[in-house]
Amino acid sequence: MKVTILSLGLAATAFANIIFNHAPLKCDLTSPQMYHGCLFGQDCRQDGTYCGSKPGHCLPSNGCQNGCSPPTTDPTPPRSDGHCGKDFGGAVCDPKGKYGQCCSQYGFCGKTDGHCLASAGCQNGCSPPTTHPTPPRSDGRCGKDFGGALCDPKGEYGQCCSQYGFCGKTGGHCLVSAGCQNGCSAGIPSSTMGEPVIAPASSSMPAGSTSAAAVTTNGSCGVGKGNTVCGSWPQGSCCSAYSFCGSTSAHCGEGCQSGPCLNAPAVPPPGPSPAPAAPNGGSFRVVGSSGVPAMHAALLPNGRVMFLDKLENYTELKTANGYFAMSSEYDPATNKAVPLAYQTNAFCAGGSFLADGRVVSVGGNGPLDVLDPNIKDGFTAIRYLSRSSSNASLNGNDWREPGNKLASARWYPSVQTLGDGRLFVASGSLNGLDPTLMANNNPTYEILSANAVSEGKNVPMEILVKNQPYYMYPFIHLMNDGNLFVAVSKAAQIFNVGSNAVVKELPDIPGLYRTYPNTGGSVMMPLSSKNKWAPDIIICGGGSYQDITSPTDPSCGRIKPLSANPAWEMESMPEGRGMVEGTLLADGTIVWLNGGNRGAQGFGLMQNPTLEALMYDPAAPRGQRFHTLAKSTVPRLYHSVALLMLDGTLMVTGSNPVEMPKLKADAANPYGTEFRVEKYTPPYLQGNNANKRPTNIAISSLAVKANGSKFTITFTAPANAKAAKVSLYHGGFVTHSVHMGHRMLDLDVGGFAPGQTKQTLTVTGPPNSNVAPPGPYVVYVLCDGVPGMGQFVRVS
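Heads up: the sequence shown runs through residues -16 to -1, 1 to 780, numbered per mature numbering (1 follows the signal peptide of the UniProt record, and there is no 0).
Don't read these hints as lab results, they were simulated from the structure.
If you're wondering where the values come from, they're calculated on a predicted model, not measured in any experiment.
Hints should not be assumed to be uniformly reliable.
[To be verified] Straight-line Cα separation of at most 20 Å, PhoX-like style, residue types lysine-lysine; simulated pairs:
#	residue 1	residue 2
1	Lys95	Lys70
2	Lys646	Lys302
3	Lys694	Lys709
4	Lys95	Lys80
5	Lys615	Lys646
6	Lys706	Lys648
[To be verified] Label pairs and their computed distance ranges (CB to CB):
#	residue 1	residue 2	range
7	Gly671	Arg384	17 to 27 Å
8	Ala376	Asn319	37 to 47 Å
9	Arg660	Pro386	14 to 24 Å
10	Ser433	Val486	16 to 26 Å
11	Gln670	Glu140	53 to 63 Å
12	Arg384	Ser111	32 to 42 Å
13	Ala248	Ala485	42 to 52 Å
14	Leu686	Ala250	48 to 58 Å
Glycine residues also receive a C-beta, built at the ideal position from the N, C-alpha and C atoms.
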């Protein structure tokens, strides 16, 4: 029967919609014709703000906003296992029990705010919400350290007060489990554990402005910073698009707000260049599953691979306590992964290796109790993982966290082992919040001892300070003189740690931004006595800004930083690439792979995956160094990795460009979470080459001294082999297309007898620990360019 209703008021129309159309009525809290925003007898539920009269609408413990019923007691008694709520028969929690009286939205009893606040989804036994009497401040600060100040929900910052006292609207601000103090969101908002997003810059100041504006007193400038100018600020007179003073092309070039701005780069970067197909492009093959998303990875001294991830609401493995594992150990011999437990959130950490072979992971992000209450704040964490080529009992052991901490919070730090075994830890975010605000950033470095214990000092680092907000995950390489090559944004320098001084400012690399959130890749090419162990470094790829619309850069810059007049030699890939990783192969060539052609790092911010691998031959003439290799079928976008294995193949895995794992792509998220592990077999192991590998390799000592001393290697060469080579390789700690500590040495050898099968080589070790800092390395023996099975040694 069709019913026609004419001239009805708002309440009657809404009532008719319910009765005849069965449509749920949303609350209208602004209408005087509604009772508590609903028709009389209806109540307004928090989630979705729908009216109704059921317990799901009316109970405060279910988030009822108004017109609510008195709290009721659920008839189902407490369970012995601490589970509760709708998924467990409506069970309540025992207020005198060992868990706590509050039932969280996920059905766990507890007593934290994550369990007890209705705003966090508490189901029963909930605590009443609290309010703070102090009104919002104009500077965006809030919480207990600022008189209990609220955040203004209509203000420029956001309504949530983070644990660090900053107003904002990301998951880092709004989640109770992340320490939100007031104005918190329920459940896991869309921005949970999100990235420190750098929005495209906008400015209304005329470029080159030299008006009578005030001069900066803190290095910030331009629109939103009091319209100040840089004047004679020590780090530079150009006000960048992101309102930081400096002198690099990132400050004085595109978007420059004031000062001696440049209209165009002095040397425009090259556009895309053809890369002919390689005669043999190798092949990709899916061989296994990583068990956890592969945000971080490293080849361990036992020949297995460590994967390390952030807190997730799903992985393929669980730890002994029944929670999802956030780390795994993958065995390439069986292509199986086992779970590893850790104690602190390793989201976007940095890492390296110690002299004794342990992997160290430093920094991370805050806890997320709604996912795993056992995993705590990782901002200052230091984690250790011990593995050995001679002690199989260590296999599968969990991460160890004895409790020593970094000197300050670091999210997105880079790490480099120094010649004396200490760790140089640089950069990071203090809280995961907006990097365009100085107060959120940590443009400093600190030193950890050879056992990864912090010296407790945060030292400002000028190249990081002046290149905010593009200052995180800098490229760092240890050079043969003990100094560091550091590149961030478009700037580069040589830095001396001992004197805390810049040895030399290097020219800016032409092109777009090169580091996070538009990270390309950086590789130091093989060191050898022929080049006097002098570094030759290449940086490829990058992008313009942090958005899915950002163009990516096809250009590569190559530089010898210790030359008399270092300059960038520019060349290019066939297309622009962001998140592209360069990985050295056993023969000294470089494979570039992963990433995409459009967009930037971050969740859902990259499109057009670049599936073809590229070969770069450092020894070839300029213009002939790139060739196109095989094509994968698996998109490898944000949080993917690649690393060289003992057998000379590349392991390629990861891609988790969503906030929480998504197993099936859809229109909103066209690229989901990848657990598939691929093996890329390079050309040197394709076809007949696979039968030309040296075998029966034996090294006289697995302890190699970095003092030029000699050792011997015996092996069986393939018939009619013409030449032999020995490489000393360190794969480093891999994350976000940054390969921390990655290096290769071509060692001097003698004694090879062409044509003989039984061979004994005399090998000269590294000349010093700046060329080969202490730690685990792989020795590869190659005959006519084909590697045998690598073996781990320890360099000291």
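Status of each hint after checking the structure:
no.	hint	in the structure
1	Lys95 x Lys70	holds (18 Å)
2	Lys646 x Lys302	holds (17 Å)
3	Lys694 x Lys709	holds (15 Å)
4	Lys95 x Lys80	holds (11 Å)
5	Lys615 x Lys646	violated (24 Å)
6	Lys706 x Lys648	violated (51 Å)
7	Gly671 x Arg384: 17 to 27 Å	violated (45 Å)
8	Ala376 x Asn319: 37 to 47 Å	violated (18 Å)
9	Arg660 x Pro386: 14 to 24 Å	violated (35 Å)
10	Ser433 x Val486: 16 to 26 Å	holds (25 Å)
11	Gln670 x Glu140: 53 to 63 Å	holds (57 Å)
12	Arg384 x Ser111: 32 to 42 Å	holds (36 Å)
13	Ala248 x Ala485: 42 to 52 Å	violated (33 Å)
14	Leu686 x Ala250: 48 to 58 Å	holds (50 Å)
Hint violations for this structure: numbers 5, 6, 7, 8, 9 and 13, all remaining hints satisfied.
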